[in-house]
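Engineer: Listed below are the residues making up each chain.
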Amino acid sequence: MRTKLMQIGQRLLQALPSVFGIIVISFVLTRALPGDPAVYFAGMMADDNSIAEVRKSLGLDRSWIEQFFIYVGNLLHGNLGMSLSTGRPVLEELLTRLPASLELTFAGLGLAILVAVPLGVLAATRPGSLTDHACRLLVTAGVSLPTFFTGLFLMYLFYYLLGWAPSPLGRLDILYLSPPHVTGFFTIDSLLDGDFETFWAALRQLVLPAFTLGLFALAPIARMTRAAMLNALGSDYVRTARANGLSQTTVLGVYAFRNAALPVLTTLGMVFSFLLGANVLVEKVFSWPGIGSFAIQALVASDYAAVQGFVLAMALLFVVVNLAIDVLLTTIDPRVALEG
Amino acid sequence: MKRRDFLKTTGVAAGASVLPFLKYLPAQAAARDDTLVVVVGDGINSLDLHRQGTNRPSYQVSINIYDRLVRFGVKTLEDGTLAYDSTKIEPEAAESWEVSEDGKSITFKMSPKAMFWDGTPVTAHDVKWSFDRAVTLGGFPAVQMKAGAMSSPDQFVVVDDMTFRVDLPMPSKLALPDLAVPVPLIINAKVAKAHATDADPWATEYLHQTPAGSGAYKIVRWEPGQQFVYERNDAWALGPQPGMKRVIVREVPSAANRRALIERGDADLYMDVPAKDAKELREGGKVKVDGAPIDNCLHVLGLNVALKPFDNLKVRQAIAYALPYEEILSAAGYGRGKPMFGGSEASPSTIEWPQPFPYKRDTDKAQALLAEAGYPDGFETTLSYNLGLADWEEPTALLIQEALGKIGIKVTLDKIPGANWRTAALVEKRLPMHLENFGGWLNYPDYYFFWAYQKGHLFNSSNYENPEIEALVNETLHMAVDDPKYTENVKRMIAIAFQDVPRIPLYQPYLDAAMQKNVEGYAAWFHRQLDCRSISKA
Numbered sequence: 001m002r003t004k005l006m007q008i009g010q011r012l013l014q015a016l017p018s019v020f021g022i023i024v025i026s027f028v029l030t031r032a033l034p035g036d037p038a039v040y041f042a043g044m045m046a047d048d049n050s051i052a053e054v055r056k057s058l059g060l061d062r063s064w065i066e067q068f069f070i071y072v073g074n075l076l077h078g079n080l081g082m083s084l085s086t087g088r089p090v091l092e093e094l095l096t097r098l099p100a101s102l103e104l105t106f107a108g109l110g111l112a113i114l115v116a117v118p119l120g121v122l123a124a125t126r127p128g129s130l131t132d133h134a135c136r137l138l139v140t141a142g143v144s145l146p147t148f149f150t151g152l153f154l155m156y157l158f159y160y161l162l163g164w165a166p167s168p169l170g171r172l173d174i175l176y177l178s179p180p181h182v183t184g185f186f187t188i189d190s191l192l193d194g195d196f197e198t199f200w201a202a203l204r205q206l207v208l209p210a211f212t213l214g215l216f217a218l219a220p221i222a223r224m225t226r227a228a229m230l231n232a233l234g235s236d237y238v239r240t241a242r243a244n245g246l247s248q249t250t251v252l253g254v255y256a257f258r259n260a261a262l263p264v265l266t267t268l269g270m271v272f273s274f275l276l277g278a279n280v281l282v283e284k285v286f287s288w289p290g291i292g293s294f295a296i297q298a299l300v301a302s303d304y305a306a307v308q309g310f311v312l313a314m315a316l317l318f319v320v321v322n323l324a325i326d327v328l329l330t331t332i333d334p335r336v337a338l339e340g
Numbered sequence: 341m342k343r344r345d346f347l348k349t350t351g352v353a354a355g356a357s358v359l360p361f362l363k364y365l366p367a368q369a370a371a372r373d374d375t376l377v378v379v380v381g382d383g384i385n386s387l388d389l390h391r392q393g394t395n396r397p398s399y400q401v402s403i404n405i406y407d408r409l410v411r412f413g414v415k416t417l418e419d420g421t422l423a424y425d426s427t428k429i430e431p432e433a434a435e436s437w438e439v440s441e442d443g444k445s446i447t448f449k450m451s452p453k454a455m456f457w458d459g460t461p462v463t464a465h466d467v468k469w470s471f472d473r474a475v476t477l478g479g480f481p482a483v484q485m486k487a488g489a490m491s492s493p494d495q496f497v498v499v500d501d502m503t504f505r506v507d508l509p510m511p512s513k514l515a516l517p518d519l520a521v522p523v524p525l526i527i528n529a530k531v532a533k534a535h536a537t538d539a540d541p542w543a544t545e546y547l548h549q550t551p552a553g554s555g556a557y558k559i560v561r562w563e564p565g566q567q568f569v570y571e572r573n574d575a576w577a578l579g580p581q582p583g584m585k586r587v588i589v590r591e592v593p594s595a596a597n598r599r600a601l602i603e604r605g606d607a608d609l610y611m612d613v614p615a616k617d618a619k620e621l622r623e624g625g626k627v628k629v630d631g632a633p634i635d636n637c638l639h640v641l642g643l644n645v646a647l648k649p650f651d652n653l654k655v656r657q658a659i660a661y662a663l664p665y666e667e668i669l670s671a672a673g674y675g676r677g678k679p680m681f682g683g684s685e686a687s688p689s690t691i692e693w694p695q696p697f698p699y700k701r702d703t704d705k706a707q708a709l710l711a712e713a714g715y716p717d718g719f720e721t722t723l724s725y726n727l728g729l730a731d732w733e734e735p736t737a738l739l740i741q742e743a744l745g746k747i748g749i750k751v752t753l754d755k756i757p758g759a760n761w762r763t764a765a766l767v768e769k770r771l772p773m774h775l776e777n778f779g780g781w782l783n784y785p786d787y788y789f790f791w792a793y794q795k796g797h798l799f800n801s802s803n804y805e806n807p808e809i810e811a812l813v814n815e816t817l818h819m820a821v822d823d824p825k826y827t828e829n830v831k832r833m834i835a836i837a838f839q840d841v842p843r844i845p846l847y848q849p850y851l852d853a854a855m856q857k858n859v860e861g862y863a864a865w866f867h868r869q870l871d872c873r874s875i876s877k878a
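Chains as they are written, first to last, in the numbering used here: chain H, 1 to 340; chain U, 341 to 878.
These aren't lab readings, by the way, just hints derived from the structure by calculation.
All values reported here derive from a predicted model rather than from experimental measurement.
From the three backbone atoms N, C-alpha and C, an ideal C-beta is built for every residue, glycine too.
One or more of the hints may lead you astray.
[What the hints assert, rightly or not] Covered stretches of chain H, going by a simulated chain U footprint (3 or more residues, C-beta under 8 Å):
id	segment
1	19-30
2	155-167
3	230-240
4	299-310
[Unchecked claim] What follows is a list of derived Cβ distance ranges for each label pair:
id	chain 1	residue 1	chain 2	residue 2	range
5	H	194	U	537	40 to 50 Å
6	U	719	H	19	47 to 57 Å
7	U	491	H	69	48 to 58 Å
8	H	52	U	396	36 to 46 Å
9	H	21	U	465	32 to 42 Å
10	H	182	U	620	39 to 49 Å
11	U	581	H	200	36 to 46 Å
Turn these sequences into a full structure, and let the hints guide you.
Structural biologist: Now the structure itself:
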């Protein structure tokens, strides 16, 4: 256990250079964006004078080097700067919006896993069967349907035509208040509060966007599960297990699936990170107040601090998710070492 | 205890700023008799209009929660739609006013009925502090105040507690109307000063999230990126009591969703509907669509006279004769505009503005003019447009490209992201041919010419320069409309615009709002925002 903790610490240390690199790159890239934030924020009717005033008050009249050191100094104090477009501290924005995105992503990913993994296993055990073809169809659909289309389509069908889904107004319908903040996940917070009505409302809001996202995430997971299971099922140890007369469940569950789980988990890590960024479109379609729509808005307005904060948050998240997956892998398969 | 009844009181939405939260919504909120649900595309980013970086949608907050000295009246258009009346100025926080004989100062008598939310009276001191703030903080508020000839705190004088005077460098017809636009709002100076610091003497940090006003509505909840909620200030006595007790403004970025919400009846009002949806919603008949032409606003094709070949008058006229106006209005504007082409007079007989320009599609004439200008085989150029306004600019640009191709002008389309548009088109003024949509808040033709036709001015994206226009606008801008020279000068300006066409008007757009059939009292405003005070539900 101790060595494992040390290894984790080491991994975190290894991430430092890449995080620093990301800080530098995001700083330079945001400034290389076309568009001048001073002009943008001075407003439509501003003249040269007022633009210069805004530029000065934003600190943009200083050199890049100076700006960079100020930025890094602030970062060390945990200050990510002010978002100009929303007028609030970037850290506060990220902290309120990240849970929304995470809740949606986890729900989408959870749905995808629930469907994709059994489907992949079934398809692998019966290659060429109807299940296998169904799996292929679903995977193809998931890959080829753009999320905004799926989102709009589901909404048209379930909200506009059938009226089953609640109005696509973000995390809660108009008449509900958000539950007391604990985790930031409305479904969890409302349960902690023992408030089932809000839980139900939050869940209802979550279904369509999570489904949209899930359909998109399903494809790589199902494909990877199928391939990995096929591989495992064709291996020597499964043949040996079968020859020794072990039951089908034991062979599939213990020998084949446990080995197949490694590549699937790795894929999950990738898919998760990818989804966090990719749910921008879903957030737009469902008015979901997440981190993706915030980033897009910031990019359009050349809101430097907000864009940098977003990139940094995503980078840190990526590091953490990958680490978590690696740690999980070592518990599943002792042969895998953390510094692999 | 049901959350639906909004009885929960504590700990709601951490991080949703320091606003006093809505303690409860009474049960009838569910029935929504006195609650209005509004959907908008872009959210607000501040509760303080004077702050730097405050975006346009945020103006609606200051309209509803703050009072001004005066306000514009509302009139009924021929088709029954309500719209603001630029010619009628009514008292608000000032019960009366008097213009001095030389026209160089306006003295306002404060209304004793004007009370801030904390119960203290609105005094001349508050007005002075607020106006000083508007001209001192810079940026857009300062520029807008300057348009009404107000640029220095010295011009704002407290005569006594309830008497306030504005001194002007010269008499100006724009001064009084400029006090009715969203910018010169009245802030509770005592509260604001208590939260001012040396680094922030105008309390911008405080007022950004915590308004201190006297208006008919208060903001009770603001969750950035999601929604904000107005609640009626029942003590407000500066006008008829507003019909809605509560107004919930919800941000819905996708236009398709906004439309679905209004059609399904989950939203009561949908502001700023794109022309296509406005037309289809109107034809659909499920909801009502109210709209009025936006005063002093034109969708134009700008030709940059500083760049060849647009420096050539004949080239500009040739293009004005080549444009497919009818198609643009029907296919890009979905008919939601007033035609600004096909006028019968080569020089105007009235000072109505905007009025149709004397051009209509005539390809032969266009070709002849182009040949006369020395371009019988046409030329190549680019047509730039703002991606942020793609809903009408994209189809318009495509139609123009096709039409100009017929007279040999090869047009390449250039899409510019919304954030860069201003720099390229208005500041650097470097786009040869471009689509532009300036609208003046103050409804005077000379005010439009001031911004769009005078040298170096922001919306003169065509780099137009004409000594006669310079002289005419300078002379006319602050002139009273009953001055005998006014009509003559304005007619001359319009005649020059007809002749020189640095900006070719396509149509005057509408501002459309879709609402449930029981929503009444919606009025179209020059600031293109929702004034909730007049709305009620039948």
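Engineer: Each hint should be assessed against the structure and marked as holding or not.
Structural biologist: Now for the hints, and whether the structure bears them out:
{"no.": "1", "hint": "19-30", "in the structure": "violated (count 0)"}
{"no.": "2", "hint": "155-167", "in the structure": "holds (count 6)"}
{"no.": "3", "hint": "230-240", "in the structure": "violated (count 0)"}
{"no.": "4", "hint": "299-310", "in the structure": "holds (count 3)"}
{"no.": "5", "hint": "H:194 - U:537: 40 to 50 Å", "in the structure": "holds, 43 Å"}
{"no.": "6", "hint": "U:719 - H:19: 47 to 57 Å", "in the structure": "holds, 53 Å"}
{"no.": "7", "hint": "U:491 - H:69: 48 to 58 Å", "in the structure": "violated, 38 Å"}
{"no.": "8", "hint": "H:52 - U:396: 36 to 46 Å", "in the structure": "violated, 22 Å"}
{"no.": "9", "hint": "H:21 - U:465: 32 to 42 Å", "in the structure": "violated, 55 Å"}
{"no.": "10", "hint": "H:182 - U:620: 39 to 49 Å", "in the structure": "holds, 44 Å"}
{"no.": "11", "hint": "U:581 - H:200: 36 to 46 Å", "in the structure": "holds, 37 Å"}
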